[in-house]
Each structure stands twice: as structure tokens, then as C-alpha cells.
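Undergrad: Sequence:
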Amino acid sequence: MLLDTIFAPFVKERPICVMARAVLERLLDAPRLDALFARTAQQQYTRELLFSSLVQLMSEVVLGVHPTVHAAYQANKATIGVSTTALYNKLDRVETGVAAALVRDSAELAEPVVKALQASHPRWVPGYQIKVLDGNHLSATAHRLKELRGTWAAPLPGQALVVLDQQRMLITDVFLHEDGHAQERRLIAQVLQHVREDQLWIEDRNFCTLGLMFGMARRGAVFVVRQHGQLPGELLGRATRQGTTRSGPVYEQPMLVRDPDSGETMRVRRITIKLQEPTRDGDTVLHILSNVPLPRASAAHLARLYGKRWSIETAFLEITTTLSCEINTLGYPKAALFTFCLALLAYNAVSLLKAALRSAHGRQKVNDEVSSYYLALEIGRTYDGMMIAIPAPHWALFRELATQEFATVLRELASAVNLTRYRKHPRGPKKKPPERTAYQNGKHISTAKLLAQRGSC
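Under my numbering, residues 225 to 681 are what the sequence shown spells out, in order.
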């Protein structure tokens, strides 16, 4: 072990927290962050408060070390060295390009470590790099801004399109828009700039557009996307049954789509799942479009593949439940989106922790048993005390280690982790909620009387 004796008590009792701080030290390297800001910022500039200091402070809020931005400021006032007004002015003006670059940079730093740990997940389809694309509208904020005080309507601070890399389980890209009412499709042009050959993109029907489908095909990528009801196309031949999944029987039929701008045509596979149970929207049939060649994946495989799109929904759920990704007091869109991006960076940090745990304890065991909620809870509970006990200069070595050395340290720390402390507690199947009586304004009931009636039954 390369660590000094000063780390020994925490390595013995809370190795996961040492791992978390080591990963954050690497991902939040101050000189690297300040260089990233200087490289990507278009209008904002550094006067007194460094971008790296802002990132460090806000990361403590996102991780739950401090409950609010102001509490984090109070705890770091001596090192921040500026007023609260200056802090909020900097926070409210962080450009979306800088925030998005922060997420991409974290993925670029984490990916080689995951490879060195030999902890990548098997590819869902051999030969393709799998990308899962989905959108997320940020929750409404409080009405603190002057312009919001005269309305009861929920103020939406923006939205994001997020790209998840399936093998590494890292957020590799994010595309931001400050208008909470904007259609997600307005960001498709930005998505296409990051599409590469031999990638397979899995998307929901909001992204089922001819522009995105033809754009991906021209770049040598393939897609699996749920068909939007208004997408024009010509069905060819007859639908034939191609197997079954847990959701129901699977059928396939060729379909011809045409690019209205160029007149170019493309033959795609239209895969239909006749659902045994309707979706929450009442749909009994799902239509999926794909240009993955038949020898590479069967219709049933692609149907199951689309079902795995929920992996990114799980990522959103983890970010929402384990991290403070949406702070409702931050009404300015740039501040809200920057905080969301820091939560994505923290998700990448947790993914790197899980990769180290998979390397030490086995992939299946970690995937089935380890809860991100309990990992984040312990990090937030122990982080502040650990930073007091171990001063910041001692953590610098994690920035300086070569990739393989860093992976080795993470694996050794992971081997000391007692996984039972972070065990998942999956709930049973949901029960159908009972029907409730109609709401009457001002009416109330006594809980004690209702419980007494239960005992008398």
C-alpha cells in the first residue's frame, strides 16, 4: 500500500471514504479545472475566485457534506476569500459549455482507470460501443428571483440530454439548454457532433427523428430507437414472428424511411413487441426501429436491448436520490445546470468506486448487492471529519500517481471494504394502491380512530 500511516485508521474503518476522496482528488484536480475553465469559457473570466474553488465548494453540497450553498460557504469562508455576493455571481454565470466540459473531462479521467482495473461490463452487442441517450428536465425551483415572485407557475431552470457509456457505466457527454420549455430535439445537432463509427445508440421515441437516424447512419453508427407515432415510413412485406421476450412475442418487418432534405432512403428493421401488460401510458404494442445488421443481433435481442435503456433511468434515479443534483434555491438556469453537471461528475466518481469494488469482489456480487445510496450516505457522513483528520496536502499523491498505480491503490482499498455495510434492500412487487375517497377541502381525519377501527375488525 502506497498510503502513509496517517491514512491507516480510515483505511481500516472507512476504506470507501478514502477511495471516494482519492477519486475526487483526481477528478477535481485544481490546476486541471482552472485550465479547463480558461480553455472553454467564452465570456466569464477569473478575477478573485478560481473556478476550481467554486467546483470544490459546490461538490461538497452535491455530495451532501453541507446542506446548502451558504452552509458550504460558511465552512470554507477562509479559503474562498470572497463575499457571498461574489460567490453567487460566479455561480449564476457559469457557462453551459464549461459545465458540460467538466462532465466530459471526468469521464476521460475515469475511463482509463476502469480499463486498468479490468472492470468494464461485457458489451450488450459485440463489436459496438453502446451509448444510451436520454433527456432530463430539471425540477422546478423556488420563486426567489424577482421575475418569479409574481407567478404561481413552476419555474423550470433548464434541461439536459445525457449520454451513458454502457461498458464503463460513465456519463461521457451532456448537452444543456437553459430553456426549460425547449424541445429536446433542438439539441440533436449537438448530439450528432459526438457520434462515431461503430457506436450503437439506444434512444427513446423523443429522439426518433429522420435527421438523427440518417445522421448516425452517415457517421457509421447504428441505432435502436422506439418509433415515434408520427414518423413517416413505408412498411415492406409482412411481419414475421422472431421469438419472444419476457414482455411478449416479437415480430419483425422491413420499413423504408426517406430523408426529406436529401431524398436519400434507408431500409430499417421494424421490431414489434406485443406486450403482455400495457405500459403506464396504455400502450399494448411497442415498435422499435434499428439499422443493426441481422447477423449482429436478432430481433429478440434488439427488443431486450431496448428494455435495457432503463439503465440510464437508474442513473438518473441514483443521482436524484443519493446526490443533491437539483437545489431548488438556485433559480438561475446556469447555476442549476452547473450543479446538475457536478452531480453527473459525482456519479462518475461513484461509478469508478464500483469498478474498483468489481475488480476486488467480482462483478456479479457488486452489481447485485451494492447500494449506491448507502455508499453516498457514508461518504457524506464521514467526509468532513476525514478531511479534518487528514489535511489536504496528504491527498495530493492521488493526482500524481500513474493510471496503473492509481488503479492498484483503489483495488487494494476496495479489497478492505465490507460489502455488507452497503447491501441493497430490494422491495417486493408493488401492490395496487387502494381507491381513496374524494378530496374535500378542509376535511380531516383522526389517525388514532382509524387504527382503533383496525383493531376492532
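Hints were generated in silico from the structure; no laboratory data involved.
On a predicted model such as this, the values are computed, not experimentally measured, just so you know.
Beta carbons: idealized from backbone N, C-alpha and C, even for Gly.
Each hint should be verified, as a subset may be incorrect.
Straight-line Cα separation of at most 25 Å, DSS-like style, residue types lysine-lysine; simulated pairs [as the list claims (entries may be wrong)]:
no.	residue 1	residue 2
1	K655	K532
2	K589	K236
3	K578	K589
4	K589	K532
5	K673	K532
6	K339	K655
7	K655	K578
Have a look at the derived ranges for each label pair, beta carbon to beta carbon [claimed, not checked]:
no.	residue 1	residue 2	range
8	E593	P615	45 to 55 Å
9	Y597	R678	48 to 58 Å
10	A302	A262	49 to 59 Å
11	T309	E602	43 to 53 Å
12	P478	L621	35 to 45 Å
13	P658	P615	52 to 62 Å
14	E602	A463	49 to 59 Å
15	G506	G531	48 to 58 Å
Undergrad: Next, verify each hint and record whether it holds.
TA: Against the structure, the hints come out as follows:
1. Annotation: proposed proximity of K655 to K532 holds, straight-line Cα distance about 24 Å (limit 25 Å).
2. Of the supplied pair hints, the one linking K589 and K236 holds, its CA atoms being roughly 22 Å apart against a limit of 25 Å.
3. Between K578 and K589 the alpha-carbon distance is near 11 Å, which keeps this suggested pair within the 25 Å criterion.
4. The hinted pair formed by K589 and K532 meets the criterion: a straight-line CA distance of about 19 Å does not exceed 25 Å.
5. About 46 Å separates the Cα atoms of K673 and K532, which puts this hinted pair outside 25 Å; it is violated.
6. For the proposed pair K339 and K655, the alpha carbon gap of about 42 Å is over 25 Å, so the pair is violated.
7. Using a Cα cut-off of 25 Å, the hinted pair K655 and K578 is violated, with the two alpha carbons roughly 32 Å apart.
8. A hinted range of 45 to 55 Å is violated for the C-beta pair E593 and P615, which are about 35 Å apart.
9. About 32 Å separates the C-beta atoms of Y597 and R678, a value inconsistent with the hinted range of 48 to 58 Å.
10. Here the CB-CB span from A302 to A262 is close to 25 Å, at odds with the stated 49 to 59 Å.
11. Take T309 and E602: their Cβ atoms lie about 35 Å apart, and the range 43 to 53 Å is violated.
12. A hinted range of 35 to 45 Å is violated for the C-beta pair P478 and L621, which are about 59 Å apart.
13. The supplied range of 52 to 62 Å is met by P658 and P615, whose beta-carbon atoms lie about 56 Å from each other.
14. Range check, E602 to A463: about 52 Å between beta-carbon atoms, so the 49 to 59 Å window is met.
15. The hint said 48 to 58 Å for the Cβ distance between G506 and G531, and at roughly 18 Å that hint is violated.
Hints 5, 6, 7, 8, 9, 10, 11, 12, 15 from the earlier list are contradicted by this structure; the remaining hints agree with it.
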